[in-house]
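Engineer: So the chains spell out like this:
Number of protein chains: 2
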Amino acid sequence: MISKNQIKNITRLKQKKYRQQDGLFIAEGRKVIEEFLNSTFKLVDLFTTETFDVDQEVIISENDLKKISCLTTPNKALAVFKIPEDLSLQSDGLILALDSVRDPGNLGTIIRLCDWFGVDQLVCSQETVDCYNPKVVQATMGSLTRVAIHYVDLESYLQKVDLPVFGAFMEGKDVYKSKMPKSGVLVLGNEANGISKAIEVCVTDKISIPRFGALQATESLNVATAGAILLSEFRRG
Amino acid sequence: MISKNQIKNITRLKQKKYRQQDGLFIAEGRKVIEEFLNSTFKLVDLFTTETFDVDQEVIISENDLKKISCLTTPNKALAVFKIPEDLSLQSDGLILALDSVRDPGNLGTIIRLCDWFGVDQLVCSQETVDCYNPKVVQATMGSLTRVAIHYVDLESYLQKVDLPVFGAFMEGKDVYKSKMPKSGVLVLGNEANGISKAIEVCVTDKISIPRFGALQATESLNVATAGAILLSEFRRG
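Note that the protein sequences, when read in sequence, are chains A and B. Using the numbering used here, the final residue of the first sequence is 240, and nothing's skipped along the way. Using the numbering used here, the final residue of the second sequence is 240, and nothing's skipped along the way.
Any given hint might turn out to be false.
Repeated chains share a single entry, so a pair holds when one copy, or any two copies, can fit it.
To be verified - DSS-like cross-link-like pairs, simulated, lysine-lysine; straight-line CA separation at most 30 Å: (1) K19 - K200; (2) K200 - K79; (3) K69 - K138; (4) K69 - K11; (5) K34 - K176.
If you're looking for bench data, these hints aren't it; they were derived computationally from the structure.
Same shape as in the complex, but just chain A (with noise of 0.2 Å):
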């Protein structure tokens, strides 16, 4: 059983405002929730239709699952989850910042990026999407768990880093060509409308991605695919 004020108390955590002000969010799914449970995040609530073998855990109906989930065929459990306590951010490795990443989808493919290649550090502009947001969880499988989010203001966290700092640009150096060092900031852009003016002055190496065909007509790659490519080149050695 759910009571009324727990719905509440939940469906408002889609909310950005909410789940800050409660440093809660939403998992859901058992393989995502389970995820976390294998963590160091901590637990608040688990509502499931089917056992976990959890303390915590309350069994309800797949009728009040659907009131409470934010998917549109809801997967057999949610969980609320603390928003972990922001960590000091390191500066050396690699580390991978987001200039106003705006699509859910794109930061939980970045995030799990991260995760596939190690980098365990991702600093955000204010701007980026809510890493907590429930698309954005449901999106890295998991990944949230092993890399650190920070938010900042991404101008002065670039001005201070004592690291170079790596943005792709069309007129950048052929990545193919260059040498990628173990440590750096590597800034992945906007959308819409890539690196801001502001960010692009921080930005210390331009890099590109060569672009094949004989039409070279495509303006841009996806932001994911970009950080894939960019991510891989880095690591690859």
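Position chain B relative to chain A; hints supplied.
Structural biologist: Below, chain B alone, put in the same frame as chain A:
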């Protein structure tokens, strides 16, 4: 003005069955429509709230556009184009093959990748989402005009093709340490299940993208990001 009958004829194109029956598809938004107008695709209808200076155009109200649009926020214009006839499949150069990619956004991103990397042949299994699905058309950003897409029985195509067939598998050869040929077929698998057993048998060269980081817990990359990294490896030389 747009008639009731026209509205009916356009909205039915949201379904694959009617797109195939009528041989027509929908494109929306000035930028995407212009890419099709500047290509070999044949325009059938153009309904727009602002002029394109095109003979066939019909100026309609925002309200009428809402009635025919597939977008949550209609974007000034909707055009109907003819689905081109299937061109004969070439069998040299780099060819990308999709084994049941189901998500329209992923297919759109993959078509953009083909365009970027000069892959002009994309071969899809019959189970792959239709490339004239409105969500795919929008996600391609016009790249659909520059990539030839074929829907085939993928298994029999791969059995007959006279090229090495590459596929990503956990146990495959490190792609960073392998020299990729100029000609070959690269197969990408389904979002949830990867490459199917029937198609795996046709793969002559298993490759893998190395995973980094201490935990090595990420299960997989998104199909479009994996495709981005692999196409980049084929092209970087």
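Engineer: When Cα atoms must be at most 30 Å apart, do K19 and K200 count as within-copy, between-copy, both, or neither?
Structural biologist: within (27 Å within a copy, 43 Å between copies)
Engineer: 30 Å Cα cut-off: does K69 pair with K138 within a copy, between copies, both or neither?
Structural biologist: Classified as both; 16 Å inside a copy, 26 Å across copies.
Engineer: Go through the copies and call it for K69 and K11: within, between, both or neither, with a Cα cutoff of 30 Å.
Structural biologist: For K69 and K11, the Cα distance is within 30 Å only inside one copy (13 Å; across copies 33 Å).
Engineer: Given identical chains, is K200 near K79, meaning Cα to Cα at most 30 Å, within a copy, between copies, both, or neither?
Structural biologist: between (45 Å within a copy, 29 Å between copies)
Engineer: Could you place K34 and K176 in one of the four classes (within, between, both, neither) given a Cα distance threshold of 30 Å?
Structural biologist: Between copies only: 29 Å across chains, 41 Å inside a chain, cut-off 30 Å.
When held up to the earlier numbered hints, the structure conflicts with none and fits them all.
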